[in-house]
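Asks: Sequence:
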Amino acid sequence: MGRLVPAVTRALDILELFLDGDGTLSAPDIVRRLQLPRTTVHELVTTLAARKYIVPVTGRPGRYRLGVRPYQLGARYAEHLDLAAEGQQVARSVAETCDETVHVAILEDTDVIYIAKVDSTHAVRMVSAAGRRLPAHCTSVGKMLLASLPERELAARLPADAELAAMTPNSITDPAALREALTQIRARGVAVESRESNPDVSCVAAPVRDRTGQVVAALSVSVPMIRWSEERRTELEQLAVKGADDLSERLGHRGTS
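Residue 54 in UniProt numbering is what sits at position 54 of the sequence shown, and the numbering runs on without skipping anything.
It is possible that part of the hints are untrue.
For each label pair, taking beta carbons as the anchor points, the in silico distance ranges come out as [to be verified]: (1) Thr47 - Glu231: 50 to 56 Å; (2) Arg65 - Glu151: 35 to 41 Å; (3) Gly213 - Gln72: 20 to 26 Å; (4) Ala155 - Gly213: 20 to 26 Å.
Don't read these hints as lab results, they were simulated from the structure.
C-beta atoms are modelled at their ideal positions from N, C-alpha and C, and glycine is treated no differently.
Kindly generate the complete structure, drawing on both the sequences and the hints.
Replies: Below, the structure is given as structure tokens:
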């Protein structure tokens, strides 16, 4: 890997400052926050403004905001985003860390569809496949996605008298019980499934958000019960959240919600 170019690094540091606060900065703000010489900041700001990466704020002399060029670059990046491909890469990274099966899934009506999957290398592991469809209420990814729906949309998909099919004796079949579980998931920010879709497997899942903050998918880690424990659950929840956050960042999301 070649060396980093200091001038380019500083220019990018300046651009990234505009992601915080009200999105406007003055040269003295940049000097103070980056601890750079005033002459250096003046030259970089002048260059960025000339290339339309930043523009003066109308009516606020000396202050700048992001220009059209970063938007054009971001729009071109978004054109080539592929949730399944990005999800597969992140799932592989998570699986390499924990050596368990990792899925990324989306919600369609009241089912989940797995769009990415990386297997564990253990002899005992979960058997599944990308493209598989399962009832959302029986899976950790599905419950995470249901919990993320606006109340009106959730009620339309799962009315109070909905019939919830069971995949195992542990599956939730009572709509009221499901609603209570979804409330707890919203509060915790992660979903757990204990042998609800497979009698020998438990899973944890976390939400994946796009650049607008909307939940568009969920990432889960699935573990056979022979390797499951409360301590392991806590560890895997943290890993699922990190993986989901990494995928969210790839989709342009910033922040925690």
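Asks: Look at each hint and say if it fits the structure.
Replies: So, going through the hints one by one against the coordinates:
In this structure the supplied range 50 to 56 Å holds for Thr47 paired with Glu231, their Cβ-Cβ distance being about 53 Å. Taking 35 to 41 Å as the suggested C-beta distance range, the pair Arg65 and Glu151 conforms, at roughly 36 Å. A beta carbon spacing of about 22 Å between Gly213 and Gln72 agrees with the range 20 to 26 Å that was offered as a hint. Here the CB-CB span from Ala155 to Gly213 is close to 22 Å, well matched to the stated 20 to 26 Å.
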